[in-house]
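Asker: Sequence:
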Amino acid sequence: MPFVHNSKGVNPNGGYTPIPEGEYKFVIESAKETTSKKGLPMIEATISVIEHPELHGKSFKHYVVFIPAGEKGDGMNVHFRRCIGVPYGGEDEVNAADWEGKKLRAKVKIEKSSKDGKEYINNKVAAVFPYGDDFPEIKETEIPF
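According to my numbering, the stretch in the sequence shown is residues 1 to 145, in order.
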């Protein structure tokens with residue numbers, strides 16, 4: 001049976017307020033293997049702010065697409081994996097479960113988009129860095145060449 005619902009003044013983002021642009025420390029709360037819109041392997045990771053008094057626990061999704069070698073953007077997933085300390089740079093088995101609990105630093109920006117005539121505001125990772133000052137070391141035996 002039809003009904004009337006008044007949605008005037010409701011935020012289409014569901015009340016989501018993005019974190020301010022800047023650099024933050026994150027932990028990967030969850031990660032799952034999926035496929036990108038172009039049919040490429042992808043990890044959908046939920047990253048959560050840590051070590052920040054006002055924003056601790058604030059989270060959003062970050063997508064890491066595995067672009068084939070030689071194509072534009074092919075190094076982004078390698079750099080991300082290097083930053084979180086999982087195998088990279090060879091014939092690497094990628095297991096999203098191995099990403100959970102890993103820490104990283106990231107520069108975050110605010111991205112505005114529109115869909116179906118509605119405006120959306122979301123956070124997006126602009127750059128990633130190792131959690132510490134240096135890149136995490138991976139044991140030689142962990143990198144198959």
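Warning: the hint list may mix true and false statements.
[What the hints assert, rightly or not] Within a straight-line C-alpha distance of at most 25 Å, the following computed BS3-like cross-link-like pairs (lysine-lysine) qualify: (1) K25 with K118; (2) K61 with K107; (3) K8 with K107.
[Claimed, not checked] Distance windows between CB atoms, simulated: (4) K37 with V4: 34 to 40 Å; (5) E51 with V4: 45 to 51 Å; (6) H5 with Y63: 19 to 25 Å; (7) G75 with N122: 38 to 44 Å; (8) K115 with T46: 19 to 25 Å; (9) T34 with I121: 34 to 40 Å; (10) K115 with T34: 18 to 24 Å; (11) N6 with S36: 53 to 59 Å; (12) G75 with V4: 51 to 57 Å; (13) G57 with G90: 22 to 28 Å; (14) F3 with L40: 39 to 45 Å; (15) M1 with P53: 17 to 23 Å; (16) E71 with H5: 44 to 50 Å; (17) L40 with P2: 39 to 45 Å.
These are calculated hints, taken from the structure and not from any lab test. Note that the Cβ used here is the ideal one computed from N, Cα and C, for glycine as well.
Asker: All hints, please: hold or fail.
Answerer: Right, here's what the structure says about each hint:
no.: 1; hint: K25 with K118; in the structure: 31 Å, violated
no.: 2; hint: K61 with K107; in the structure: 14 Å, holds
no.: 3; hint: K8 with K107; in the structure: 34 Å, violated
no.: 4; hint: K37 with V4: 34 to 40 Å; in the structure: 36 Å, holds
no.: 5; hint: E51 with V4: 45 to 51 Å; in the structure: 47 Å, holds
no.: 6; hint: H5 with Y63: 19 to 25 Å; in the structure: 32 Å, violated
no.: 7; hint: G75 with N122: 38 to 44 Å; in the structure: 24 Å, violated
no.: 8; hint: K115 with T46: 19 to 25 Å; in the structure: 21 Å, holds
no.: 9; hint: T34 with I121: 34 to 40 Å; in the structure: 24 Å, violated
no.: 10; hint: K115 with T34: 18 to 24 Å; in the structure: 20 Å, holds
no.: 11; hint: N6 with S36: 53 to 59 Å; in the structure: 38 Å, violated
no.: 12; hint: G75 with V4: 51 to 57 Å; in the structure: 52 Å, holds
no.: 13; hint: G57 with G90: 22 to 28 Å; in the structure: 35 Å, violated
no.: 14; hint: F3 with L40: 39 to 45 Å; in the structure: 42 Å, holds
no.: 15; hint: M1 with P53: 17 to 23 Å; in the structure: 49 Å, violated
no.: 16; hint: E71 with H5: 44 to 50 Å; in the structure: 46 Å, holds
no.: 17; hint: L40 with P2: 39 to 45 Å; in the structure: 42 Å, holds
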